[in-house]
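Whenever a hint applies, use it, and build me the whole structure from the sequences.
2 protein chains.
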Amino acid sequence: MAVEIIDGGINAPAGFKTCGLRAGIKEGKTNKDMAMIYSQVPANVAGTFTRNIVKAAPVKWDSKVVFEEGTAQAVVINVAVANASTGLPGMKDAEDTAEYAAKKLGLKKENVLVASTGVIGFRLPMDKIKSGIDMLVPALSEERQAALDAANAILTTDTHKKEIAVTFEIDGKKATIGAMCKGSGMIHPNMGTMLSFITTDVDIDKDLLQKTLREVVSKTFNMVSVDGDTSTNDTCLILANGLLKNKKIEGEGKDLDEFKAALYTVAEFLAKNIAKDGEGATRLFTAHVVGAPDYETARILAKSIITSNLTKAAIFGRDANCGRIMCAMGYSGAEFDPDKTDVTIKSSEGSIKLVENGLNTDFSEEEALKILTPDEITAECDIKSGEFEATAWGCDLTYDYVKINADYRS
Amino acid sequence: MAVEIIDGGINAPAGFKTCGLRAGIKEGKTNKDMAMIYSQVPANVAGTFTRNIVKAAPVKWDSKVVFEEGTAQAVVINVAVANASTGLPGMKDAEDTAEYAAKKLGLKKENVLVASTGVIGFRLPMDKIKSGIDMLVPALSEERQAALDAANAILTTDTHKKEIAVTFEIDGKKATIGAMCKGSGMIHPNMGTMLSFITTDVDIDKDLLQKTLREVVSKTFNMVSVDGDTSTNDTCLILANGLLKNKKIEGEGKDLDEFKAALYTVAEFLAKNIAKDGEGATRLFTAHVVGAPDYETARILAKSIITSNLTKAAIFGRDANCGRIMCAMGYSGAEFDPDKTDVTIKSSEGSIKLVENGLNTDFSEEEALKILTPDEITAECDIKSGEFEATAWGCDLTYDYVKINADYRS
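Here the protein sequences line up with chains A and B, keeping their order. In terms of the working numbering, the first sequence opens at residue 1362 and continues consecutively. In terms of the working numbering, the second sequence opens at residue 1362 and continues consecutively.
Accuracy of the hints is not assured; some may be wrong.
The list cannot tell twin chains apart, which means a pair is met if one copy fits it or any two copies do.
Stated by the list, open to error - Within a straight-line C-alpha distance of at most 20 Å, the following computed EDC-like cross-link-like pairs (lysine to aspartate or glutamate) qualify:
{"no.": "1", "residue 1": "LYS1421", "residue 2": "GLU1696"}
{"no.": "2", "residue 1": "LYS1416", "residue 2": "GLU1717"}
{"no.": "3", "residue 1": "LYS1707", "residue 2": "ASP1723"}
{"no.": "4", "residue 1": "LYS1491", "residue 2": "ASP1368"}
{"no.": "5", "residue 1": "LYS1534", "residue 2": "GLU1613"}
{"no.": "6", "residue 1": "LYS1393", "residue 2": "ASP1700"}
{"no.": "7", "residue 1": "LYS1469", "residue 2": "ASP1655"}
{"no.": "8", "residue 1": "LYS1608", "residue 2": "ASP1761"}
{"no.": "9", "residue 1": "LYS1633", "residue 2": "ASP1703"}
{"no.": "10", "residue 1": "LYS1580", "residue 2": "ASP1736"}
{"no.": "11", "residue 1": "LYS1387", "residue 2": "GLU1726"}
{"no.": "12", "residue 1": "LYS1416", "residue 2": "ASP1743"}
{"no.": "13", "residue 1": "LYS1421", "residue 2": "ASP1698"}
{"no.": "14", "residue 1": "LYS1714", "residue 2": "GLU1460"}
{"no.": "15", "residue 1": "LYS1470", "residue 2": "ASP1703"}
{"no.": "16", "residue 1": "LYS1572", "residue 2": "ASP1743"}
What the hints contain is simulated information worked out from the structure, not anything from laboratory work.
Structure (C-alpha cells):
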C-alpha cells in the first residue's frame, strides 16, 4: 500500500485529540490563538529545534522533554507572544504553562510540551494562558473540526491553514500520520521549522524516531526559506503513541522505509506550503539542483538560489533574469563549474532553457514570460558533475512582504 | 595635518585625468554609460575582487593585471552589461576592450584595467565599446567636471553619484586620494564592492598597497550589505602613481599610518553612501557591535543585523522591533550570551535602550518612534564580553527595492 493522503489533520491517528480556540492573547476579537494536542497514552516524542543562539523558552523546555524525558502526552501552543528573549522569567512561564496543563490533564509536567510564536521580547500573559488551558482541556476532541480548529489557531500572518493526514501500511495494519504547521515569516529553518506538529499511531523506538525525523526534516523543512531569517522558536515535534499495536519498529527494514516515506510525504507537503504561503508571496519558487558530485553541494546551491532576494524579486516580476540564479549559485560557498551549468525554468506552461554551459541561450522572452506566469515555478540547474540532487522551496519577494514586516507589531 | 575632505573626485590627485560620456550601451537617450581613468605615468595598482565563483570577465582580467603585472595606467568602465557568465567569448571581449584602449592611449594592454556592471549573461556590444573609447580618450581631463562626468557615468540604479577626495600629509608633502564608486543593488561585498575606483599620487610599494587596501576594504566595503547578494563583478581598484615624489612608503611607520587613515576615510565614506543609496532605501542603517571578545565576533554580529530582511523591514516601518535584532545576532553563527546583551537605538533625535541584559526594557514606543524617524539610524549592541567592536552599514527594505528588482532588465 502506498502512502495515501486522506481528509484529516493532526488528530487523524488513533488516540489523538486536539482543539483550538480564542484565549484573548492576540489582538482583535475573533482570532483563535491557542491550541492543544493530546494523546490518550504516553507517546514517544522526537523533535528538531532552531539553531539560533537566541532560543525561545519553549524551545529550551521542549528540548528537555524530548532529550531527557523521551515521552510526552500533550502540547500547548499559543500565538502572538513568542516567549523569546525573556530570560529566566520566560523559562518559568514555559514551565508554569506545562505544569498548569499537566495538572488539568492528570499528567506530570515533564510530559507536556509547549510552543509559542509571535513577538520576541515580551512575557506571556500567564492569566490568559491559564484561562485558555481551562477552556482547551474540555474542548479536546477526535472530531475533524477539532483538527481544523487547531490548525487555524496556530496561524499568525499565514493566509491559510497547513495540515495533512496520510495512511500507509505497517506490519499489515493501516497506519496514520497527521500533521499541522504554521510558517509565513522569519522562515529559514535550521533543524526545525517555525512550528510544526506531527502525530502518528505507529509504535517506533524513540531514538529511531528522532533519527528519522532529523533525516526527513533536513530534506524538507530545512530546505525552505522565506526570508533568510532563522527564527528563535523553530520547532518540529512528532508524537508516536503506538496505538496501532504494530510490531515495534526498532531498526532498518521495510516498516521503517514505509514510515519514512509517509513522514517525508507529510513534511514535504507542509514545507512546500510554508514556502508558498510565505509572507506576501504570490508564487512558490522551487530550486532543483541536479548533476552534483554529492548531496551537500546540491543542497547548498538549491538553498542559495531560493534565498536570494534578487532572484526572488525577479520571480515576482516574472523576469527571466537567469544571471541572478547563476550569481546566487556562485556566492553560495559550494564548488561547481559555472561554465558547465545549465539553467531551465519550468512550470505548468512548459519549460525553457535559459543557460547552457554557463552562457545565455537565445531564448524567447515572450515564451519565458509565459512560463514564469503560473503560481508555481521551478528552476532546474544541472551542474553536470555527478548523480546527486537536492530540492529547496521558497517564494517570491513582494511589496506585501515589506508591508507586513514594516510594522509587524501593530 | 589631519585628513581633510576637499571638493574633488577621482581625478583630484596629481597626474590623473578622467572622463565620462554616453556611448549608447544603456537604453534611453541621455544617460552616460562609459568612463575612463588615466594616469600620466604608470601607477602601482592593487585590487580586491568578488569571491563569487561566477566571476565576471573584467574581474578575471583585472586580477591578472593586479597580481601579475602590478602596474596600470588606465581603467575603462562601462555600465548596462556586466560581461558576466559570458565564458571565453566574454574574456576575449574584456581583453579586446583593454587592447583597443591601450592602442588609443599608447600603452600595452596589460596596463589597462576594465570594469563592467549591469545585466549578467549577455555579451558586451563591442562596436559601441570601441566607439565609446574613441570618444573617451580625447575627452580625458583634469577638470573638476571630468570627475563629475565619470562619477555619473558609472551609476546604474544609484540615485546619486558617490565620490570623494581627501588631502593629508606624507613626508612633509600634501598628498591626495580621489575616489568614486557605484553601488545600489546586488550589494553584499566579499573582498571588494560593486565597482569602486581610488586614485592617489602617493608613492607606495605595490605589495604594501595591496595589503593596506585589503585591510581597509575588509572594514569598510565588506561591511556593507544592501540585499545579501554578492555580485559577480565586485571590484575595488586603487592606482598609486607616485607623482607626489614622497619618500616611497615601504613599511610600517607614520607615513603608512597617515595613508591608511586617509584611505579609510575615503572607503568608509563611499561604503556608507553605498548603503544609504541601496536600491529603494530611505534610511542608512548602521549596526555597531561593542564589547566583543574579538573583532571577528563583532564583525559577524554587525553584518548579520544589517543583512536581516526582517530587521530592515522594521527599520523602514520605524518599528522598534528589537527582537529581530536579537534574532539576527542569534543566527549569525557568532558566539555571544543573549542574556548579557544590551541593544540601544540612536539617531539625531536621541537614543533609547530597547534591550538590557537580553530583556526588553519598558521603553516608550512614542520616544522610540521619534528616534527611528530620521534618515540615519544606528543600533548599538553591547555584548559585554571584551573590548572589540565593529561597524556594518545597511539600509531599510522597502517597496521600491522590490519594484526595482521585480523587473530590472526592462
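Regarding LYS1421 and ASP1698, is the shortest C-alpha distance of 20 Å or less found within a copy, between copies, in both, or in neither?
between (42 Å within a copy, 15 Å between copies)
As a check of your reading, is LYS1707 near ASP1723 (CA-CA no more than 20 Å) within one copy, between copies, both or neither?
within (17 Å within a copy, 51 Å between copies)
How would you label the pair LYS1469, ASP1655 (within, between, both, or neither) given a Cα cut-off of 20 Å?
neither (46 Å within a copy, 45 Å between copies)
Within, between, both or neither, where LYS1572 and ASP1743 count as close if Cα-Cα is 20 Å or less
neither (30 Å within a copy, 38 Å between copies)
Pop the pair LYS1491 and ASP1368 into one bin, within, between, both or neither, using alpha-carbon distances up to 20 Å.
Neither. Shortest intra-copy (32 Å) and inter-copy (67 Å) distances fail the 20 Å Cα cut-off.
Identical-chain pair category, LYS1633 with ASP1703, by Cα at 20 Å
For LYS1633 and ASP1703, the Cα distance exceeds 20 Å both inside one copy (24 Å) and across copies (37 Å).
Intra- versus inter-copy proximity for GLU1696 and LYS1421 (alpha-carbon distance at most 20 Å)
between (36 Å within a copy, 18 Å between copies)
Should LYS1534 paired with GLU1613 be assigned to within, between, both, or neither, using CA atoms and 20 Å as the limit?
So LYS1534 and GLU1613 pass the 20 Å test inside one copy only (18 Å; across, 78 Å).
20 Å Cα cut-off: does LYS1470 pair with ASP1703 within a copy, between copies, both or neither?
neither (55 Å within a copy, 33 Å between copies)
I want to check one pair: LYS1416 and GLU1717. Are their C-alpha atoms no more than 20 Å apart within a copy, between two copies, both, or neither?
Answer is between; shortest inter-copy Cα gap is 17 Å, intra-copy 44 Å.
With 20 Å as the alpha-carbon cut-off, assign the pair LYS1608 and ASP1761 to within, between, both or neither.
neither (50 Å within a copy, 59 Å between copies)
Given a CA cutoff of 20 Å, do LYS1580 and ASP1736 count as a within-copy pair, a between-copy pair, both, or neither?
neither (23 Å within a copy, 42 Å between copies)
This entry does not satisfy hints 4, 6, 7, 8, 9, 10, 14, 15, 16, going by the numbered hints stated previously.
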